[in-house]
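Each chain, written out:
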Amino acid sequence: MALLHCQGIKKHYRHKHALHGLDLDVKAGEAVGLLGINGAGKSTTIKILLGLVRKSAGSVALEESQVGFLPELARMPEHITPRNFVALALRIRGKKASEADAALAETGLGEEHMSRHIRLLSKGLRQRVALAYALAGSPRLIVLDEPMSGLDAIGRIATLELLKKRKMAGAGILICSHIVPDLVRLTDKVLLIHQGEVKQTFSMASHDMDEVVMLEQALRDWSSQ
Amino acid sequence: MTRIRNLALYSFRELMGMLVVRITLTAAALLPLAAWIFSEFFLMELTKVQLDVMTAGSYLLGMVLILIAVVPMLGADIGGRLCYFYLVPPVSRNEYVLGRFLGAALLLLLLFAVLLAGSETLITVALEYAPADRRHGIDWETGLLIAGTACYQSMTLLAAVFFIAAWATGFAELLLFSIAACALFWIMPPVLEAMKNPFLMEGVPAWIVALVHGIAWLLPEMNAGQFILAELHGQATDYTMLLLHFLGHLGYVLIMLMACLLIFARRDL
Amino acid sequence: MQKRSLIAAVFVLCAGVSLHVLSRHYMSVYSATAHLTSQAPSAFLVQSVAAGPAPGLAADYNIVAFSTLFYEVSSRQLSQQEKMRAYEYLFNYIDQAQRFDPWFWDVYRLAIGITGFVPEYTRKVILLTERGAHHRNWDWEPPFLAGFLAHNLLNDDRLAVRLLQLSATRPGAPPLALGLAAKFLAGEKGGKQEGIAFLEYMRRLLPKEYHDYIEQRIARLKSQNLEEH
Numbered sequence: 001m002a003l004l005h006c007q008g009i010k011k012h013y014r015h016k017h018a019l020h021g022l023d024l025d026v027k028a029g030e031a032v033g034l035l036g037i038n039g040a041g042k043s044t045t046i047k048i049l050l051g052l053v054r055k056s057a058g059s060v061a062l063e064e065s066q067v068g069f070l071p072e073l074a075r076m077p078e079h080i081t082p083r084n085f086v087a088l089a090l091r092i093r094g095k096k097a098s099e100a101d102a103a104l105a106e107t108g109l110g111e112e113h114m115s116r117h118i119r120l121l122s123k124g125l126r127q128r129v130a131l132a133y134a135l136a137g138s139p140r141l142i143v144l145d146e147p148m149s150g151l152d153a154i155g156r157i158a159t160l161e162l163l164k165k166r167k168m169a170g171a172g173i174l175i176c177s178h179i180v181p182d183l184v185r186l187t188d189k190v191l192l193i194h195q196g197e198v199k200q201t202f203s204m205a206s207h208d209m210d211e212v213v214m215l216e217q218a219l220r221d222w223s224s225q
Numbered sequence: 001m002t003r004i005r006n007l008a009l010y011s012f013r014e015l016m017g018m019l020v021v022r023i024t025l026t027a028a029a030l031l032p033l034a035a036w037i038f039s040e041f042f043l044m045e046l047t048k049v050q051l052d053v054m055t056a057g058s059y060l061l062g063m064v065l066i067l068i069a070v071v072p073m074l075g076a077d078i079g080g081r082l083c084y085f086y087l088v089p090p091v092s093r094n095e096y097v098l099g100r101f102l103g104a105a106l107l108l109l110l111l112f113a114v115l116l117a118g119s120e121t122l123i124t125v126a127l128e129y130a131p132a133d134r135r136h137g138i139d140w141e142t143g144l145l146i147a148g149t150a151c152y153q154s155m156t157l158l159a160a161v162f163f164i165a166a167w168a169t170g171f172a173e174l175l176l177f178s179i180a181a182c183a184l185f186w187i188m189p190p191v192l193e194a195m196k197n198p199f200l201m202e203g204v205p206a207w208i209v210a211l212v213h214g215i216a217w218l219l220p221e222m223n224a225g226q227f228i229l230a231e232l233h234g235q236a237t238d239y240t241m242l243l244l245h246f247l248g249h250l251g252y253v254l255i256m257l258m259a260c261l262l263i264f265a266r267r268d269l
Numbered sequence: 001m002q003k004r005s006l007i008a009a010v011f012v013l014c015a016g017v018s019l020h021v022l023s024r025h026y027m028s029v030y031s032a033t034a035h036l037t038s039q040a041p042s043a044f045l046v047q048s049v050a051a052g053p054a055p056g057l058a059a060d061y062n063i064v065a066f067s068t069l070f071y072e073v074s075s076r077q078l079s080q081q082e083k084m085r086a087y088e089y090l091f092n093y094i095d096q097a098q099r100f101d102p103w104f105w106d107v108y109r110l111a112i113g114i115t116g117f118v119p120e121y122t123r124k125v126i127l128l129t130e131r132g133a134h135h136r137n138w139d140w141e142p143p144f145l146a147g148f149l150a151h152n153l154l155n156d157d158r159l160a161v162r163l164l165q166l167s168a169t170r171p172g173a174p175p176l177a178l179g180l181a182a183k184f185l186a187g188e189k190g191g192k193q194e195g196i197a198f199l200e201y202m203r204r205l206l207p208k209e210y211h212d213y214i215e216q217r218i219a220r221l222k223s224q225n226l227e228e229h
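So the sequence lines, in the order shown, correspond to chains A, D and W. Using the working numbering, the letters of the first sequence correspond one by one to residues 1 to 225. Using the working numbering, the letters of the second sequence correspond one by one to residues 1 to 269. Using the working numbering, the letters of the third sequence correspond one by one to residues 1 to 229.
The following block holds chain A by itself, in its conformation from the complex:
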């Protein structure tokens, strides 16, 4: 069952065509990766899917009413505690706010950080809070834009494990990342976007180094064109 289905999405700015008819499906229990160089249209695609940017043409169908979203380079609300921040996500998704601590602990945030203002946390800890906000209440569709940004190696591994668990539990994941090995480890298919179009689709079967090399080569090929 497709949690997200979009067809022929186009986006024109005044002097620029950002997307040229992009098609995309995310099914339950499936992780889809978006790969591309800077300015390829990955973030714009995500923003259009979530209604943050208006599309010029095409259709987007969100079968799931609850979406967990982690924006790229997320600036965090500074004057609130991680506990209260994540509690909002839970309340919005119809869950109990008391689950906030568990959601934060799941992303590796220590108890001592949960009741301090977010402005006092380091970049990596903030990223964990943002991830907890996206994953809190177990939304069926999870959209992540550069989720590993600012995380240390241990944090990256833990996050990948967490996302795999969610996928196994039936959540659909759409992830956009520059870190190819992460995409290979987590996703079932990767769409290579270049100049606002899906140029190639890769199925990830073995999740090994060969697939990493294949994706990096394709990325190099398209970016040199």
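Just so you know, these hints were derived from the structure itself, not from any lab. Note that the structure is predicted; figures quoted are calculated from it, not measured. Built from N, CA and C at the ideal position, the CB exists for glycine as well. Fair warning: there could be bad hints in the mix.
Residues from chain W that face chain D, not an exhaustive set, calculated with beta carbons under 10 Å [unchecked claim]:
#1 23
#2 47
#3 50
#4 106
Dock chains D and W against the given chain A, drawing on the hints supplied.
Below, chains D and W without anything else, positioned relative to chain A:
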């Protein structure tokens, strides 16, 4: 509705987390003391002077709170892309705007509750200890009128700031236009009064007069101070005018909020 | 659903515009002190722009400015020219305070007690107080005091009678107001004793800082009395 309430409470909590908000609320709580000290320069109508300070303080603190707390919050939401967190399904853009607005309105209500308590304390002391001729016309209603009018006038400014946020691209733009709105709201009533002065207006071209009147029609009447001044001296409050004044502000809030919703629903974030 | 939301939005927008226009239309004719500001000098207009929606505090500011300047004037040796310039400022402060808050008692107390005794400003102060008497329509004191000044300093008994009669109609007015009005109407001159009594009354009315000024005037009147005897 639940989501709007959740966002409103969250916004209120977020605003309360700001140090500047807590400082402003402390200043509001200490304002009666400042008013009392200032009134020591006067001899007769001390309570009137104290309540003048409370009136001016109410307007100023309301404006300050909007500029130093609400504007940065909205600026971070729009310019810092923080709204991405709040605006994903199931939250609609309308729910987001209304939730944020109600959260900020709750903060203003708290401010005016503090100011009301301060005014009523001064009035209680005056009614208890001041000779009758020094507190002429002052009663419990006066404090309510001061806090009430300052409250709905601040709500109007708040709605105008939300309207600006609907199309502003970032914090700097939002701050600039919000300050401009504050300045216009502040100076327009006296400028209009000045335009009734025949000596002053003698050399002013007709098109400038028309322009100023036109701008004035686009702005709300921020002249509730006139009601309060009359009330402070025991003049019977013209409730019909007061109601009209309130309705005018209610109308302005509706216009600003609706315009904000319509624009915000159609913009790219 | 989309269409219904849009209709609702347009409806609310129209309601808002109607309320705003309705309020603007009627409120535009409302201003308690409009008749005072319409004649105001440009210095007042600058102040009123700064005062914005807090005219009461602007009036208080002018009173504080008056007190500060008066303290300067009375504690320094000034030339006659400097004194006249200072009195001009003092009167302007009072005048502006009245335009902001015509009900404020401190305005009239200081106007009559201080500026009223400067010959160049006596008539202006009396007229200012008469204007104020129409605002403080419950109070017998401003027209009473202004009436006495009109008689005592201007020798204008027609004006004095008008003001004292106005005072006599106010609640709590002393029988003296009507008595004096009758006396002035009959063309009888008020004696210096009455002037001294008036100044004694003003001394009670004014704060300590102004007492020296009033006492000098009382002493001057008393010495004139002695010379006559």
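Taking the hints in turn, this is what the structure says about them:
Interface hint status for residue 23 of chain W: upheld, as the beta-carbon distance to the closest one in chain D is roughly 2 Å, under 10 Å. Here the hint on residue 47 of chain W is kept, as its CB sits about 9 Å from the closest CB of chain D, short of 10 Å. With a least beta-carbon distance of about 8 Å to chain D, the hint placing residue 50 of chain W at the interface is held under the 10 Å criterion. The beta carbon of residue 106 of chain W is positioned within 10 Å of a beta carbon in chain D (closest approach about 6 Å), and the interface hint is therefore held.
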